[in-house]
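Novice: Each chain, written out:
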Amino acid sequence: MFKQFTYFWLAFAILVVQIFLLDNISIAMWLRPMIFPLVVLLLPMEWRMVWTLLSALAIGLTMDLALGGSGLYTSSLLPLAVLRPWIMYLTTGRTVEHSDQSALLSRMLTKQVMLYVAGAMLVHHTLFFMLETLSFASPMRLVATILCSTLLTMVVSAPIIQLYKSKIA
Amino acid sequence: MHRLIEFIKRIYVVLLFILLEGIALMQYAQSSPYTEAKILSRTTAVGGAVSGAVTGVGHFFTLPSENRKLTARIAELEQTLERERALSAPVVEGDEVAAYFDDGDLNYRYYPARVISLTTNRERNYIVVDRGEEDGIKRNMGVITPNRELVGYVVSVAEHYSAIMPILNTKFNIGGRLTDNGYACSVRWRGASPHYAEAIDISTYAEPKAGMAIEVSSERLPSGVLIGYIEEAEHNAAQTAYTAKLRLATNLSTLDNVLIVENAHYGEIEALTEELE
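So the sequences go chain by chain: A and B.
At position 24 of the first sequence the residue is numbered 24 (the numbering used here), and the sequence of numbers has no breaks.
Position in the second sequence (from 1) plus 1000 gives the number in the numbering used here.
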C-alpha cells in the first residue's frame, strides 16, 4: 500500500537535502550528485501520466526557483515523467498493468528498483549536462561528467530507495 | 469530430509535455546571452532546414521578380568588375584610375543569400538565411538588400544557415549619417511599427528636414547603404540634439534575397576598438 503522507515527507526531505546540502558541496565540477529526480521516479507507476507530469513540473520549478536554474531543472526533469514507463521496461522488462491490485514498485525487488532508477538518472543527467554546457567541444569531459555524477547520485540514492521500499511502497 | 476528440484525448499528455518543455526551454534560453546564442544557433540549423523545404515551393512562384532583381544586381556587379580591372591596371600619375584608390569599397566581399524565415511582429525579430559557416559567413557581417538598403547583421551562424538581427529588433543599434550634410546619428527601433525607426543624437547644426536620407556609418558595411528617410524631426527634451522619425527604406516583411557583406578588415578594426576600451 503506497503511503502518500509518508511519501510527501520523504520528497520534502529529498528536496531539502538537494538544495541545502548536495548543491553546496563542491567536490569537483564533473561530480555533481542530483537526487531530486527520485521524487518523480518513485511516484506510483500506476498514476496517470498527466499527474506525474504535473508533479515533475512542480519539482522542476521548485528547483529552478531555489537554485536559479531558469528552466534548466524543469526542462531536464519533465522528459522523465513521460519516459519512465519505457525506462522501466528497458531496464527491468516490467510493464505497467493498470489492472494489477498491488503497485508495481512495491512488487519489485530493491535491486530492480535500483536498476530502473539508475537508467532514469542516466537519462536525466545526460539531458541536464547537455543543456547546461550546450557545447560538444569536449565530448569526453561531458561523458565523464554524466557517468561520474550518475554513479555518485546512485550511491546517495541507494539508502533512500531502501527506505522507500521498507516504509512506503 | 468524435474521432478527433478521441484522438486528442489519447495524445493530450504528449501535447501538454511538448508545451511545458517548450516553455521551460524558452525560459532557459533567455536566461543569459550565452544560452540564447547557443540555443539560437542550434534551433537555427534545425528550423532552417525545415523552413527551407517549405519555402522552396513558394519560392518557385517568385522566380520572375527574383530574375529582375538578379539582372539589376548583375549589372551593378559588372560595374564593380570594371572598377577592379581598372585598379589592377598600372597606375599613371594624374590618371583618373588613381581616384579609385580613395574608395574603400574594395575591402568588402558580398555573399548572396535567400531568406528562409523571418518575423516582423515581435520586439526581437530575427531572420534566417540559407548561408552558413560552410559558405564563409561569420558573426557580425552586415546584411543589405540588393538595392543597398540596410537589413541588419549576422548574430549567429550554423553550418548551413545564419541568423540575422534585423533593424526591427529592439536590441539593434547602428551608426548613421545624414546623406546631405554628413552629420552623424544613431539609429534604433523602438518596437512600434515595422516601417519606422528612430534616429537620435543628431547635432542641432544638422538641421534635419523631412525627406532627408540617412545612410549607414558602420565598420560592418560600406558607405552608401541606405537606412531610410526622415519623416519628422524635433529637438530632444534637453534641447541638445534632434530626434527624428525615420521611414525605413527596407520593407522587411517582403524580404526575399539579401547580400551578406564581409569587411575584410573588420577583425582588425574590432581588435583596435577592444584595445582602446
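Read the hints as simulated data drawn from the structure, not as lab findings.
C-beta atoms are modelled at their ideal positions from N, C-alpha and C, and glycine is treated no differently.
Don't take every hint at face value.
[Claimed, not checked] Per the computed footprint, the stretches of chain A lying under chain B, defined by three or more beta-carbons under 8 Å from a beta-carbon of chain B, are:
{"hint": "1", "segment": "15-21"}
{"hint": "2", "segment": "82-91"}
{"hint": "3", "segment": "106-113"}
{"hint": "4", "segment": "154-163"}
[Unchecked claim] Pulled from the structure, derived: some chain A residues nowhere near chain B, Cβ distances all over 10 Å:
{"hint": "5", "residue": "Trp9"}
{"hint": "6", "residue": "Ala28"}
{"hint": "7", "residue": "Met49"}
{"hint": "8", "residue": "Gly60"}
{"hint": "9", "residue": "Glu97"}
{"hint": "10", "residue": "Gly119"}
{"hint": "11", "residue": "Arg141"}
{"hint": "12", "residue": "Leu142"}
{"hint": "13", "residue": "Cys148"}
[Unchecked claim] With beta-carbon atoms standing in for the labels, derived distance ranges:
{"hint": "14", "chain 1": "A", "residue 1": "Ala13", "chain 2": "B", "residue 2": "Gly1022", "range": "54 to 62 Å"}
{"hint": "15", "chain 1": "A", "residue 1": "Phe5", "chain 2": "B", "residue 2": "Thr1043", "range": "40 to 48 Å"}
{"hint": "16", "chain 1": "B", "residue 1": "Ala1271", "chain 2": "A", "residue 2": "Trp9", "range": "55 to 63 Å"}
Novice: With reference to the structure, classify each hint as holding or not holding.
Specialist: Okay, the hints, checked on the actual structure:
no. : hint                              : in the structure
1   : 15-21                             : violated (count 0)
2   : 82-91                             : violated (count 1)
3   : 106-113                           : violated (count 0)
4   : 154-163                           : violated (count 0)
5   : Trp9                              : 26 Å, holds
6   : Ala28                             : 22 Å, holds
7   : Met49                             : 5 Å, violated
8   : Gly60                             : 7 Å, violated
9   : Glu97                             : 19 Å, holds
10  : Gly119                            : 19 Å, holds
11  : Arg141                            : 17 Å, holds
12  : Leu142                            : 14 Å, holds
13  : Cys148                            : 24 Å, holds
14  : A/Ala13 <-> B/Gly1022: 54 to 62 Å : 32 Å, violated
15  : A/Phe5 <-> B/Thr1043: 40 to 48 Å  : 43 Å, holds
16  : B/Ala1271 <-> A/Trp9: 55 to 63 Å  : 59 Å, holds
Hint violations for this structure: numbers 1, 2, 3, 4, 7, 8 and 14, all remaining hints satisfied.
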